[in-house]
Amino acid sequence: MSDWTKVTRPIPVPDEYTKPFWAAAKRRSLEMQRCQTCGHFQHPPYATCTQCIGVDLKFEPVRGQGKIYAYTIMYHTGDKRFAAAVPYASIVVELDDAPGAFMAGNLLGADYTEAKLGRRVEVVFEDLTDDITLPQFKLAGE
Amino acid sequence: MWDNRCKIAVSGVGYSKVSRSADIPLAAHALEAVKGAIADSGLKLEDIDGLATYPELPATGHAEVDGISVVSVNCMMAMMNLPNLTWHIQVGSSNIGGAFQQAANALLAGVCKYAVVWRAMHNPKGTYQNLPGNMATGAGQFTGPYGFGGPGQGHAVAYARWLEKNGQTRDKMATLVLNQRKNTQHNPHAYFYGTELTREDYFASRMVAYPFCLFDCDIPVQGAVAVVLTTADRARDLAPTPAYLAGYGQRLHFETAGRIGSLSNYMEGGSSSAKLTWERSGFSPKDVDVAQIYDGFAASVIYGLESYGFCKEGEALDFIQDGRIELDGELPLNTFGGSLGTGRIHGLWHIIEGALQASGRAGTRQVKDANVSFVGASAPIVTGTTFIFVRDPY
Ligand SMILES: [Zn+2]
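Taken in order, these protein sequences are the chains called A and B. Counting from 10, one number per residue, gives the positions in the first sequence under my numbering. Counting from 2, one number per residue, gives the positions in the second sequence under my numbering.
It should be emphasised that the hints constitute simulated quantities derived from the structure, not laboratory data. Check before you lean on any hint, since a few could be wrong.
[Claimed, not checked] Just some of the chain A residues that point at chain B, by a computed CB distance under 8 Å:
no.	residue
1	T14
2	P19
3	P21
4	V22
5	I62
6	A79
7	Y80
8	T81
9	D88
10	F91
11	S99
12	A113
13	K125
14	R128
15	L143
This one's a predicted model, so the numbers in the text were calculated from it and none came from an experiment. Just so it is clear, CB atoms sit at the ideal spot from N, CA and C, and this is done for glycine as well.
Whole structure, please, built from the sequences with the hints as guidance.
Encoded structure:
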């Protein structure tokens, strides 16, 4: 299993589009940007709805369950901060409640070989600093 | 069909030395390639009146310094002091293929007569792709904290999805990589000229970002290539046999920055560009005699073959087997070795090879009776452009 204890992650810097996402994560809640005109979820947050060019966008709570849409296993140790965790799984998750809105994460608490298309995962929250909490994923029901 | 079909042609081509390390400033490489292309055309420096490039350093976390890590139009103007310059541009949205297309457009508009297009690539010291520093901003705030570094991992997630979705395995990619290294042995300008690669080497190589092993990724190098474009009537008066531009296209699809793993970003990018190219040129995939498809990461060739229409979705790894893509095969592919053979010079070398094959100037790697020569000059995601060059301008 990948050892994340020695990894120093870059700290996300919320901006005007993404502040509500990180504020929700700090409350251990997942909120995704949704178009109030057509109902489309999108991630990363954007200035307009990429489905209908609507501008009325709000963040709405979604359940943290979904499945692995794509993944890679990282072996390269070019970035020394992540070298201790190699090999590790970086995954792309499609949430049940927000189809089409892909979230990145690592697969925590499981061997990297468990990363496969379609595997059920659920969100967990990792505190990085006093201000920033990072959504992460583990296999569902474990 | 395009009104301007075959009204523009590639004439001369030029190369700098390609080296692993940056022992001379990149500007010197660019100048060597540009002067080479002008000389190959039989032109003089003062004949050149148009300049176009895409001055970008794809390595992340390194400074862009003009003349050292990029070579801008301004840098080239300062070096060359062209007395008859009338037009120049550097592009942003479509990589070097876009610069080439703008040069063709300028020639068609009559605002220059002989344009030179170059691409110069720098290999910085240290790690090529650095993750953001201590802070992750912009689209990187949703990827950097998870150790998603440079473009390699972005391409890797899409490739893993493609493989599993289609019930394929990465071992079939060896055919592509080995064939390209074989072709590289016919290209003395390439970084890996003189270095063979065996099947055993491929399967023993270290994994970088699964499903990519080391040999699925082009090697960062320092070097430059260049071409001279002119109008068809002028090209006929120059020394090289012209390669006529029958049509081109650019990708018309973009999903928002930071959206990763999405195959549609590759497939719709590629198909939108190819559709324009087939319509403008009047050709279809079955007419193509030889193809160059961008291969910075080997999987880009898969998306290219499928989205451009050479085979069905999910079938590209089977399509490349059984000799089909070899020099004497049904669709000779990346005949110059591709980026996997030349080193990371981006898509202008694909364009050069497409033109050389059409003009019958590809030396020992020349595909017999090649007329219709296809080029996909960048990964269909984000920067894709496509071209058809022909020997016969009708
Ligand atoms: Zn909408």
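Hint-by-hint comparison with the structure:
{"no.": "1", "hint": "T14", "verdict": "14 Å, violated"}
{"no.": "2", "hint": "P19", "verdict": "4 Å, holds"}
{"no.": "3", "hint": "P21", "verdict": "4 Å, holds"}
{"no.": "4", "hint": "V22", "verdict": "5 Å, holds"}
{"no.": "5", "hint": "I62", "verdict": "13 Å, violated"}
{"no.": "6", "hint": "A79", "verdict": "4 Å, holds"}
{"no.": "7", "hint": "Y80", "verdict": "6 Å, holds"}
{"no.": "8", "hint": "T81", "verdict": "4 Å, holds"}
{"no.": "9", "hint": "D88", "verdict": "5 Å, holds"}
{"no.": "10", "hint": "F91", "verdict": "4 Å, holds"}
{"no.": "11", "hint": "S99", "verdict": "5 Å, holds"}
{"no.": "12", "hint": "A113", "verdict": "5 Å, holds"}
{"no.": "13", "hint": "K125", "verdict": "7 Å, holds"}
{"no.": "14", "hint": "R128", "verdict": "11 Å, violated"}
{"no.": "15", "hint": "L143", "verdict": "5 Å, holds"}
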